[in-house]
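Participant: The chain contents come next:
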Amino acid sequence: MLHHFAAVAVFLLAGLAVGIAALAVAWVVRPKRPTLLKLSTYECGLPTQGPTWVQFKSGYFLFALLFLVFDVETVFLYPWAVKFKALGLFAFLEMVVFIGILLLGWWYAWKEGAFEWK
Amino acid sequence: MSGFTLQGILANVYETGAFWLLSLVALGAALAVVGLKNIVHSAFSLVLSFVAMAGLFMLLEADFLAMVQLLVYAGAISILLVFAIMLTRRPEGKMQESNPFGRYALPAGLVAFFLFLAIAALVLRVSWVSGPGVPAASTVGPLAEAFLTTYVVPLEVAAILLLVALVGAIMLAGGGKR
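Each protein sequence line maps, in turn, to chains A and B. Going by the working numbering, the first residue of the first sequence is number 6, and it counts up by one from there. Going by the working numbering, the first residue of the second sequence is number 82, and it counts up by one from there.
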């Protein structure tokens, strides 16, 4: 089984090499004439007002928590999806119940206004 | 997989190389988490450590665990971490100012050192033998069968647990109307 993942390793290393090669070639061939304006941080629009490290609204943490719960649900769905054909109708109904229970939570979250981007 | 054929030896070399590379990345990234000055860089470094751990799980032929590590830890937990950093007020994200326990570095180092010694002593005392049989070709298929035939009730209980976590998160975060 391990040699299947060797392809992943090759892909990772090749991807890394492409990125490094592009930067290295650019570093070799580019002219180096830095000016103050060139070295300034690139930003669109007007200069930033005040500190850029601001505190975000704590209500947004809920989105991350909801995402985490449904991410864990995916962990259970994934093996089922792999063996979907072999497991048949009974497993399908079990998963419908599984997803149904979680949809209940989703409905509760919606009802409580957790999805509203205030 | 092993054996004295050229292919077997090469496979072992690759495995050992991959193990060392992944271990170095995992440990280096973990060190960077505590060493970096900017808390956001620390968070990203932790994600790298998670990914390297997933690679180590793959080397142990635990493909499902590797997937869960990538999906839950590198995916969701890291998002949770970055959100937590965004939601707390830290001037310029400097680690020094956000960590009032930094001055206990010496006692913490001593405790960590002795803990390491205790773990190392245990690791060296145990004689590691590999279990009988060969590892499964894939752990995902057998897990799916176990989930949906033998362990149906625990699966649904897990759904209820997730539901409780969801409702609890909404109540705690105060995202509700009240």
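Any given hint could be a false lead.
[Said to hold, decoys possible] Calculated cross-link-like contacts (lysine to aspartate or glutamate; reagent style DMTMM-like; alpha-carbon spacing at most 20 Å):
hint: 1; chain 1: A; residue 1: Lys88; chain 2: B; residue 2: Glu237
hint: 2; chain 1: A; residue 1: Lys88; chain 2: A; residue 2: Glu78
hint: 3; chain 1: A; residue 1: Lys90; chain 2: B; residue 2: Glu226
No lab work stands behind these hints: they were computed from the structure.
Participant: Next step is simple, just say for each hint if it's right about the structure.
Facilitator: Against the structure, the hints:
| no. | hint | result |
| --- | --- | --- |
| 1 | A:Lys88 with B:Glu237 | holds (18 Å) |
| 2 | A:Lys88 with A:Glu78 | holds (16 Å) |
| 3 | A:Lys90 with B:Glu226 | holds (11 Å) |
Hint violations for this structure: none, all hints satisfied.
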